[in-house]
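Respectively, the protein sequence lines represent chains A and B.
Residue numbering for the first sequence follows the numbering used here, starting at 1 and increasing by one per position.
Residue numbering for the second sequence follows the numbering used here, starting at 1001 and increasing by one per position.
The hints are simulated quantities; they were obtained by calculation from the structure and are not laboratory data.
Remember, it's a predicted structure, so these values are computed and weren't measured experimentally.
It is possible that some hints are incorrect.
With a Cα cut of at most 20 Å, we get these calculated EDC-like pairs of lysine to aspartate or glutamate [to be verified]: (1) A:K761 with B:E1024; (2) B:K1125 with B:D1275; (3) A:K593 with A:E629; (4) A:K574 with B:E1234; (5) A:K718 with A:E255; (6) A:K700 with B:E1054; (7) A:K761 with B:E1227; (8) A:K612 with A:E231; (9) A:K71 with A:D750; (10) A:K761 with B:E1054; (11) A:K761 with B:E1059; (12) A:K414 with A:D67; (13) A:K33 with A:E390; (14) A:K482 with A:E499; (15) A:K69 with A:E34; (16) A:K254 with A:D282; (17) A:K553 with A:E629; (18) A:K66 with A:E34; (19) A:K336 with A:E255; (20) A:K256 with A:E232; (21) B:K1269 with B:E1200; (22) A:K332 with A:E437; (23) A:K464 with A:E499; (24) B:K1021 with A:E157; (25) A:K635 with B:D1275; (26) A:K574 with B:E1227; (27) B:K1021 with A:D81; (28) A:K635 with B:E1234; (29) B:K1137 with B:E1213; (30) A:K761 with B:D1158; (31) A:K761 with B:D1032; (32) A:K700 with B:E1024.
Listed here are the chains, written in short residue letters.
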Amino acid sequence: MFKPKSLLLFLACSLSPLFLKGQYTISGFVKAKESKEALINAVVFNPLTFQNVLTNEYGYFSMTTKDKKIKLTASYVGYEDLTRVLQLEKDTVIDFFLTTTMLEEVEVIAKKSGILNNQLGRVSLPVETLAKVPSVVGEPDVLRSLSILPGVSLGREGNSALFVRGGTPDQNLILLDDVPVYNAAHLGGFFSVFNPDALNKIDLIKGGFPARYGGRLSSIIDVRMKEGNQEELRGNFGLGVITSSLMLEGPFKKEKSGFLLAARSSYLGIINLFRKKENYFDYWLYDINAKTNFSTPKGKLFFSFYTGNDYGIETSDTPSSISGNMILERLKVRDKINWGNTTFTSRYFTSLSAKSFLSVLAGYTQYRYSTRFELEQQKYGELDTLVQYEASLQTSTISDFIFKSHIDFIPNEKQQFRLGASFISRLFDVESDTQNEAVINNSSFLERNHEVTGYIEDFIRWNKSFTTNIGLRWNGYLTEGKSFYSLQPRFSSKYQISEHISMQLAYAYMQQNIHLLTNSGFSFPSDIWIPATKNVAPSRSNQFDAGFFIDIKNTFQISLEGFYKRQSHLIAFKNSHADILENVDQWESLIEKNGKGTIRGIELMLRKSTGKWQGLIAYTLSKNERKFENINFGKTYLFDYHRPHDFNISVFRSLNHKWSLSANWIYQTGRRVTFPVGLLPDTGTNSGTTLIFAEKNNGKFPNYHRLDVGFTYKNKKKGERQSQWIFNIYNLYNRRNTSYFYFDSSAVFDEQQNYLYSIRKANSTSLFSIIPSLSYKYKF
Amino acid sequence: MRKFKTILLFLLILSSCAQEKSLEISLPYNGDELVLYAFIGDSVQHAEVYKTQEVVETEIDFSINPLQLALYENQVLATLFDDNQNNFISNTILDTLSSFQIQLVTNESTVISKSVFFPEKIQIKTYQIQFNADSSKVLLNFSFDDKPEAHFYHFQIDKYYQEEIENRENKWFYENFRYAFSDENFNGQTFSYEEEIDLEFIKYTNGNIEGIENADAISITLYSLSEGIYQFYESIRQNSNTLGELGESNKPIWTNVNDGHGVVGTYRKDFLFIDF
């Protein structure tokens, strides 16, 4: 078990290399040559000594060496390696500007960076790669595409909520430029809010969590927007089946400041603006991303902004009962729904010295949901008209003010510290007003709570082969006048067995101070975030990870990872059909609490990210269990999304200089479901029946599999101009995967149409059959 | 270009193999299992026995031919039930401090319930009635003292209309209202219940409506139940709310019959007859 004293002693001992003398520090940025965009997690390494460092989230690196002459190579996936030889007299600042290979259809030269930046439980994929994965209706969805990775799966077909290593979607912390996005779904989960045109990079961290990350149990999805091009004006526009998009980026002042502006919008809402009728349905969604950056002599200042919304409206005014020409009854219905996120981040970073680096951030995030429903029934009598009226207005908002800061300090070649702190002030505001004739019901929940966090990370290079990252995170959480404190140790280590083989171990203790009240596996906009309280404690998890990484001929990367995760203080609905919003003031009485979860698994991934054929094969073997005192009679049961086998093949192939192919095949064990095991007669009768349900989740749906294929036709024009046609086929072989089931009875007759007997069977219903789509993109 | 054509051909073959039929879902079935419903009172005991059926079975037949249905008191055979067309009845005076089990024996198998105990008898403490102007309705209010321990209640309100009918009882009753609940929300307090009862009876003669008469008596029966009865009906009630979304959140049906289904419960009752 964790002992704070022994950890502090260990940290104190590890500080000893801090006092070494006679060294030189090389620091600077690794950036893209074309846009001056920072490259995050790029590798800077010395090919002779094998010493290497990764750039931080601002593309900054710092390396200390005793050698006077040094050779340094900067490397990043999708970019040409760049090597510089330096003669050192003093601490030196040097920036690397890497040239992309993405624009050229050439074979990428194999590089050593693959094995160097292998990190346990962490996968970084360029947005361009994720956007290539074929999607449901051709709308590229980078968040959904993460499901091609081992340990990551989608819950239900058509929904982009991710289950990472068996955790529920609310256990994923989705960060957009360092502030959380609480509901990253459009169209009720059909696709995510992230417009790929505006994004630079997505990191998924599912294990080996460094101390800088916290607040959720299962994963961190760190999404970074593009910074804005400081060199030249660039852009693109796209036309898809559901949305069209436009992106512009360019300099305010060359090499000093830049901007990014990206927007996408659905067509339906805009078209209907011009043809409003009494009976109509309208749906509109949009996303706007904006970012600016300003370089200073020692640092950079960023402002980034995102807002997105979904609006749905349905109105009808129809006679519901007619006798001859007389209207006896009329029904008027008006239903509106609206949800969306807004985030704002201002960040400043500066290098305090060659060995230290400061970042300061102030941010805001808000998720809002509202629905308004009105029903008016008019019954026309001979003398007067009887009017019946029903209405409801429900709103839910969660908003955070966030302040964060950290300092990176690199005292010598063996160590790298990060010290950080953050403060979050979070407001929950939920209100429900319903009216049925004269009966009015109100239910509301208003709560503000605060979180203070401090952490320290110490990355130590013990020798050429062995590194550790030891961290400690302290979290104080104040709600309803009660305080919760937690000390969360983090540890990861890496042993480089040979140049191409490494082994890693990690442990993390995580705490989550907010819960999501959701009564479905979908990511519904009406799901409500609620705080941990004195009666419903924060959720916690202990996670152990181990991994083995092999690099074959600098071409194939194989990773084998195992994890074991124990979660406690989980919540679940007592009755999943309870109306959450209508009873939000009593939400604590609607849930089962103090649940436990045990998830274990093995993940295998074979990845090839160079050459004409690129892609990955991922397989996950796992077991996912839950236990609640009052669910399933207190017995352990398999979780709804327990999928022992999850297999994925994704390939990208350049067919010639114009055509390329992408394909994705997914195979998963069907999700768990509670099937009835028989019929029970009602007491006192032989005719009534009750379905017998025994063990929770005693059955499963048929296994899920699907093949998606996409073709891209590129037509390169003058300069950087390029047009692209993307043709996608979702579910190519039209597998009718089960979304839900129902009972159906049908009669069987003989040739003379005499009734013989009837057959009752369980029918499977699927959501999506084969769906072709076409989209167009023009880059300039 | 040849590669391109090969890939296209491959994809064409795949899409032509498209499955258009819905997938089949096979439901689990453990075979016929015995079902036992038994309600043990301190002076009368009543039971019904059945077997389960497969969910996809369309011909409803739950009947069985039991060899024996026995009541055990403190694990010793107390009495055998009389069979009256699957309406098993025993009129045995029982010690309310004993434990009880019921055993069902058939040719195929034998099941026995878990031990159950009698709950504490709860008495109606106060009652009030208030008629409306034309005596067609009565407002009934009654109360009882809840006990600090966990209890489960069921009460039933009946109304009576008296008339002499040849070859029949002189009272016929119509069940008006019934309610089963746990006392977790008012543990240890006096519980007061109020209900407006419509006293009108539709009077039939040979199946034809003859007129409307007002009831001239009502009764309150307050049952205190063993926990199992409440748990059993509560688990059925919870599932009835999920109709149409099978498999999503169904809860197991509670049972205290080992290797079988159903419920064996005990009850004690307090009865109050209010003659107008």
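Hint by hint, here is what the structure shows:
1. A hinted pair counts as satisfied when its Cα atoms are at most 20 Å apart, and K761 (chain A) with E1024 (chain B) qualifies at roughly 9 Å.
2. The hinted pair formed by K1125 (chain B) and D1275 (chain B) meets the criterion: a straight-line CA distance of about 18 Å does not exceed 20 Å.
3. For the given pair, K593 (chain A) sits about 8 Å from E629 (chain A) by alpha-carbon distance, which is consistent with the 20 Å threshold.
4. In summary, the hint linking K574 (chain A) to E1234 (chain B) is supported, as the alpha carbons are separated by about 12 Å, within the 20 Å threshold.
5. A hinted pair counts as satisfied when its Cα atoms are at most 20 Å apart, and K718 (chain A) with E255 (chain A) does not qualify at roughly 24 Å.
6. Our distance criterion of 20 Å between C-alpha atoms is met by K700 (chain A) and E1054 (chain B), whose separation comes to about 18 Å.
7. Under the criterion of a C-alpha separation no larger than 20 Å, the hint pairing K761 (chain A) with E1227 (chain B) is inconsistent with the structure, at around 35 Å.
8. Note on K612 (chain A) and E231 (chain A): the hinted pairing is violated, with a Cα-Cα distance of about 30 Å set against a maximum of 20 Å.
9. The straight-line distance between the Cα atoms of K71 (chain A) and D750 (chain A) is roughly 87 Å, outside the 20 Å bound, and the hint therefore fails.
10. Simply put, K761 (chain A) and E1054 (chain B) have alpha-carbon atoms about 11 Å apart, close enough for the 20 Å limit, and the pair holds.
11. As the CA atoms of K761 (chain A) and E1059 (chain B) are separated by approximately 13 Å, the hinted pair is consistent with the 20 Å bound.
12. With a C-alpha separation of about 14 Å, the suggested pair K414 (chain A) and D67 (chain A) falls inside the 20 Å cut-off, and the hint holds.
13. A threshold of 20 Å between alpha carbons decides the hint, and for K33 (chain A) with E390 (chain A) the separation of about 61 Å lies outside it, so the pair is violated.
14. The straight-line distance between the Cα atoms of K482 (chain A) and E499 (chain A) is roughly 52 Å, outside the 20 Å bound, and the hint therefore fails.
15. A C-alpha spacing of about 29 Å is found between K69 (chain A) and E34 (chain A), which places the hinted pair above 20 Å, so the restraint is violated.
16. Between K254 (chain A) and D282 (chain A) the alpha-carbon distance is near 43 Å, which puts this suggested pair outside the 20 Å criterion.
17. About 52 Å separates the Cα atoms of K553 (chain A) and E629 (chain A), which puts this hinted pair outside 20 Å; it is violated.
18. Between K66 (chain A) and E34 (chain A) the alpha-carbon distance is near 33 Å, which puts this suggested pair outside the 20 Å criterion.
19. Of the supplied pair hints, the one linking K336 (chain A) and E255 (chain A) is violated, its CA atoms being roughly 47 Å apart against a limit of 20 Å.
20. Of the supplied pair hints, the one linking K256 (chain A) and E232 (chain A) holds, its CA atoms being roughly 12 Å apart against a limit of 20 Å.
21. With a C-alpha separation of about 27 Å, the suggested pairing of K1269 (chain B) with E1200 (chain B) is violated against the 20 Å cut-off.
22. With a CA separation close to 15 Å, the supplied pair K332 (chain A) and E437 (chain A) stays within the 20 Å bound.
23. Of the supplied pair hints, the one linking K464 (chain A) and E499 (chain A) holds, its CA atoms being roughly 10 Å apart against a limit of 20 Å.
24. Taking the CA atoms of K1021 (chain B) and E157 (chain A), the gap is about 18 Å. The hint holds against a cut of 20 Å.
25. As the CA atoms of K635 (chain A) and D1275 (chain B) are separated by approximately 51 Å, the hinted pair breaks the 20 Å bound.
26. Of the pairs offered as hints, the one joining K574 (chain A) and E1227 (chain B) holds, with about 19 Å between alpha carbons and a cut-off of 20 Å not exceeded.
27. Restraint check: the Cα-Cα separation between K1021 (chain B) and D81 (chain A) comes to about 52 Å, which exceeds 20 Å; the hinted pair is violated.
28. Taking the CA atoms of K635 (chain A) and E1234 (chain B), the gap is about 19 Å. The hint holds against a cut of 20 Å.
29. This hinted pair checks out: K1137 (chain B) and E1213 (chain B) have alpha carbons roughly 12 Å apart, not beyond 20 Å.
30. Between K761 (chain A) and D1158 (chain B) the alpha-carbon distance is near 41 Å, which puts this suggested pair outside the 20 Å criterion.
31. For the given pair, K761 (chain A) sits about 18 Å from D1032 (chain B) by alpha-carbon distance, which is consistent with the 20 Å threshold.
32. As the CA atoms of K700 (chain A) and E1024 (chain B) are separated by approximately 12 Å, the hinted pair is consistent with the 20 Å bound.
The structure shown violates the earlier hints numbered 5, 7, 8, 9, 13, 14, 15, 16, 17, 18, 19, 21, 25, 27 and 30.
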